[in-house]
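Sequential numbering from 6 applies to the sequence shown in my numbering.
Hints in this document: simulated from the structure, not taken from any laboratory.
Model, not experiment: these values are computed from the prediction.
Heads up, a few of these hints could be off.
Said to hold, decoys possible - Restricting the straight-line Cα-Cα distance to at most 25 angstroms, the calculated cross-link-like pairs of lysine to any residue (SDA-like) are:
| # | residue 1 | residue 2 |
| --- | --- | --- |
| 1 | 89 | 20 |
| 2 | 89 | 173 |
| 3 | 91 | 108 |
| 4 | 89 | 107 |
| 5 | 91 | 181 |
| 6 | 91 | 242 |
| 7 | 91 | 60 |
| 8 | 91 | 169 |
| 9 | 91 | 204 |
| 10 | 91 | 170 |
| 11 | 89 | 167 |
| 12 | 89 | 131 |
| 13 | 89 | 123 |
| 14 | 91 | 20 |
| 15 | 89 | 171 |
| 16 | 89 | 145 |
| 17 | 89 | 208 |
| 18 | 91 | 115 |
| 19 | 89 | 175 |
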Amino acid sequence: MPAATMVERNLMIYRHTWLLLLAEVFEPVLYLLSFGVGIGQLVGRIPGLPDPSVDYAEFVAPALLATAAMNGAMNETTFNMFGKLKTDRTYESILTTPMTVRDVALGEVAWALLRGTLVTAGFLAVVTAFGLVHSPWALLVVPGALLIGFAFAAVGLAVVTFLRDWQDFQFIQLAMLPMFLFATTFYPLGVYPRPLQVVVECLPLYQSIELLRGPFLGEAGTGLILPALYLLALGGLGLAVAARRLEGILRT
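Kindly generate the complete structure, drawing on both the sequences and the hints.
Encoded structure:
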């Protein structure tokens, strides 16, 4: 499969910079220690959850897992790909081979998906070592991270085609930071009035957190279907837009 060649190329490059992946694992660990463990000592139990025995660190951990998958995928298909697209002109030489623009798009999404999943798996190992995992259903976090990685990698790939210069990345941060803070990462949905709950429920990170939080806390059921379908549709739409936009950019 030609797209696999892009994944192989990125693996060969990242074998010299694999410490960057450890840095991406380290960031959510800091959030877990500061908010989940530190502030968690003041918060205690989370009201409104089906299981009243869940403490604050256990509530925050799956949200940080979803955030790690999001950031790992988005960083690859925005920051790194913008350099390849605008600065290094990497794809111009790649397209002189039999590879097509669609192969490039699929390969970059596949690599971002793999990177995001590796970051999530590393963070899952850390939270397991902290004693925050109590159910075998938590293993569903790994395929859930794959789906989250696919959705955000495809969206990032589409977004990067609209960026004009490096200053435009502030708009990405302007969207991602509030979403990280308000998508039930640190407190449950019930703290919002109902109109705001509807807005929060439409956020892709909220759906990502819902996909992971249930299995992480030992609650796997039909409630996972809607978040999975949401992320699958978002990823498919992002990939379709990205492929069409890249075709116009790289063929001009």
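Of the hints stated earlier, which fail here?
7, 9, 12, 16 and 17
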